[in-house]
Amino acid sequence: MDIYIVGQQLVNGLVLGSTYGLIAVGYTMVYGIIGMINFAHGEIYMISAYLTAIFLALASYFGLQSVPVVLLLVLFATVFLTALYGWSVEQIAYRPLRHSNRLAPLISAIGISLILQNYIRISQGARNQGVPPVLDGVWRIPSSAIDQHFIQITYLQSLIVVTALASMALLTWIIHRTALGRACRATQQDRIMANLLGVDTDRIISVVFVMGAAMAAVAGMLVTLNYGSFDFYIGFLMGIKAFTAAVLGGIGSLPGAMLGGVVLGLAESFFAGFVNSDYKDVFAFSLLILFLIFRPSGFLGVPEVEKV
Amino acid sequence: MSESRSASAVTPEPLLRVHEICAGYGAIEALHGISLQVQSGEIVALIGANGAGKSSLLMSICANPPARKGKIFFAGQDITVLATHQIARLGVAHVPEGRRVFTYMTVAENLAMGLMALPEQANHGLLQAGGGADPEQIYHLFPRLRERAQQRAGTLSGGEQQMLAIGRALMSRPRLLLLDEPSLGLAPQIMGRIFATLRDIVKEGTTIFLVEQNANQALQLADRAYVLVNGRITLSGTGKELLASPEIRKAYLGGH
Ligand SMILES: Nc1ncnc2c1ncn2[C@@H]1O[C@H](COP(=O)(O)OP(=O)(O)OP(=O)(O)O)[C@@H](O)[C@H]1O
Ligand SMILES: [Mg+2]
Numbered sequence: 059m060d061i062y063i064v065g066q067q068l069v070n071g072l073v074l075g076s077t078y079g080l081i082a083v084g085y086t087m088v089y090g091i092i093g094m095i096n097f098a099h100g101e102i103y104m105i106s107a108y109l110t111a112i113f114l115a116l117a118s119y120f121g122l123q124s125v126p127v128v129l130l131l132v133l134f135a136t137v138f139l140t141a142l143y144g145w146s147v148e149q150i151a152y153r154p155l156r157h158s159n160r161l162a163p164l165i166s167a168i169g170i171s172l173i174l175q176n177y178i179r180i181s182q183g184a185r186n187q188g189v190p191p192v193l194d195g196v197w198r199i200p201s202s203a204i205d206q207h208f209i210q211i212t213y214l215q216s217l218i219v220v221t222a223l224a225s226m227a228l229l230t231w232i233i234h235r236t237a238l239g240r241a242c243r244a245t246q247q248d249r250i251m252a253n254l255l256g257v258d259t260d261r262i263i264s265v266v267f268v269m270g271a272a273m274a275a276v277a278g279m280l281v282t283l284n285y286g287s288f289d290f291y292i293g294f295l296m297g298i299k300a301f302t303a304a305v306l307g308g309i310g311s312l313p314g315a316m317l318g319g320v321v322l323g324l325a326e327s328f329f330a331g332f333v334n335s336d337y338k339d340v341f342a343f344s345l346l347i348l349f350l351i352f353r354p355s356g357f358l359g360v361p362e363v364e365k366v
Numbered sequence: 068m069s070e071s072r073s074a075s076a077v078t079p080e081p082l083l084r085v086h087e088i089c090a091g092y093g094a095i096e097a098l099h100g101i102s103l104q105v106q107s108g109e110i111v112a113l114i115g116a117n118g119a120g121k122s123s124l125l126m127s128i129c130a131n132p133p134a135r136k137g138k139i140f141f142a143g144q145d146i147t148v149l150a151t152h153q154i155a156r157l158g159v160a161h162v163p164e165g166r167r168v169f170t171y172m173t174v175a176e177n178l179a180m181g182l183m184a185l186p187e188q189a190n191h192g193l194l195q196a197g198g199g200a201d202p203e204q205i206y207h208l209f210p211r212l213r214e215r216a217q218q219r220a221g222t223l224s225g226g227e228q229q230m231l232a233i234g235r236a237l238m239s240r241p242r243l244l245l246l247d248e249p250s251l252g253l254a255p256q257i258m259g260r261i262f263a264t265l266r267d268i269v270k271e272g273t274t275i276f277l278v279e280q281n282a283n284q285a286l287q288l289a290d291r292a293y294v295l296v297n298g299r300i301t302l303s304g305t306g307k308e309l310l311a312s313p314e315i316r317k318a319y320l321g322g323h
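Protein chains in written order, with the numbering used here: chain A, 59 to 366; chain B, 68 to 323.
Incorrect hints may have been included.
[As the list claims (entries may be wrong)] Over 10 Å on every C-beta distance to chain B, these chain A residues come out as not near it, computed from the model:
id	residue
1	L164
2	P190
3	Q215
4	L324
[Claimed, not checked] According to the in silico footprint, chain A covers these stretches of chain B (three or more CB under 8 Å from chain A):
id	stretch
5	149-159
6	164-170
7	179-185
[Unchecked claim] Example chain B residues on the side facing chain A (calculated, C-beta under 8 Å, incomplete):
id	residue
8	C129
9	N131
10	E176
Keep in mind that the hints were calculated from the coordinates and are not lab data.
Glycine residues also receive a C-beta, built at the ideal position from the N, C-alpha and C atoms.
Put together the whole structure using the sequences plus the hints.
Listed below in structure tokens is the structure:
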């Protein structure tokens, strides 16, 4: 086995995995706090791709040249508006069903997901959309390499990994070190008790949707910059992949979602590199099914019984 | 907060006034027209058999489940229209049945959760790392908790969890403390300490409304008490009166 091919798959897998992890965080946090899978989360990711394109176009319309400034502005704008979508989805589709049976919000999630897809299809067109490359350039290791004997890392790939790590670190800090995070964890563990202690648990649930959407927006922007093209349907596949990552890591667990993302990204990329790249999605979903059957609590998940 | 506390002490209005409330779960009605009052600075006990509705009454005061009929006033304010977290922020702290400590958090974090009811925390302090009050007083009351401060609450013994639940409720220096069976699962010696602690807490300006299985202890501690039978108040009086009452002796104190 060529060490450079292994190294390249490792790089590709990490890059892919960090985007899965960013999206998986939204599934896992929402599941943790209200015990439901937010099937509209993939659509939130898809919308962030469109918002990225729109803000990139706006930045160039206003003649902004500096790449870091453009990227930061687009990041903030995309994250903000995507978070607003996440918040609205919760308000419109889930909050009114809070006290109904478990199936109702699930159906509502599928409904809102179809609505968002078609809203984008009608307003933005069904065709593939694209963004121009914003950040070019690669590193090669070793830099003096000839032929195929090197590992290539694009600037964008490193930006993806660094941004993903920074976002995860920020989220982890919020959840574990701030009073807001403590209120989130308390609401997740015992909503009634948190409420009795003065936590506005409805607001905390909104905050969790907002944080999940914001993380998905970071992923949406990075992937859009990296691949350049997208359509109104990308949320579906990405959504299931990230959901798989969340299950692998242990749904409900924040570090689990990040770990699951990286593991899935690596698994997929090595499968594509060494076995068959056409069947990498099948491989990913087979992992999902195997985990659901044999280890539903994932790597780091909390077994249901220990939940009080 | 201390200003509003002393202001309420001079008003004739009781701190807590429950007026003919009915409440229940779905089709089941657990409380059928309960009325009672707790004056500021009092310790009032509620005793009754299993399933009488004691816990339901305490929870109903916190709007979970909300009263279907009747009204509840806290310091003169109608709280029947408020949500659970809003009632907590008025200064009503609850040590619920089953303790409900956050088992995946440390002892220190559980105590910090007790500060959520403080208005400054609720409104804009959410991104602060620490949060206002000091757990030192709680650690002084329950030195056991200090030793365990960084330990996960789920690993505490039952009695330690009970101390933690009480400590957590005291963190916000509530005006009204609702206690659901504080002595449950505690050794008699610890229980004596907790009851002594409760008397001290009252001296510092907190009013206590407590539910107890242990009627004997509760009636000795309480200034006044109510007896709840099948969702209705059947008797009330001072602790001493009820301790002497033949009915009570028969039903709750072992009949001698
Ligand atoms: N969440 C609930 N859902 C449905 N019914 C409930 C619920 N909680 C309590 N009940 C019912 O309400 C009635 C009163 O229960 P409650 O817990 O208030 O009794 P209690 O006086 O606290 O009893 P104990 O001394 O055993 O704690 C019981 O008949 C109980 O079955
Ligand atoms: Mg009870």
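So, going through the hints one by one against the coordinates:
1. L164: Since the minimum Cβ distance to chain B is about 23 Å, A/L164 lies beyond 10 Å and the statement holds.
2. P190: Since the minimum Cβ distance to chain B is about 37 Å, A/P190 lies beyond 10 Å and the statement holds.
3. Q215: 32 Å, holds
4. L324: Answer for A/L324: holds, closest chain B Cβ roughly 29 Å.
5. 149-159: As far as the stretch 149-159 of chain B goes, the hint holds, because 5 residues have Cβ atoms under 8 Å from chain A.
6. 164-170: holds (count 3)
7. 179-185: holds (count 7)
8. C129: 6 Å, holds
9. N131: 6 Å, holds
10. E176: 6 Å, holds
Going down the numbered hints, you'll see the structure goes against none, and every one checks out.
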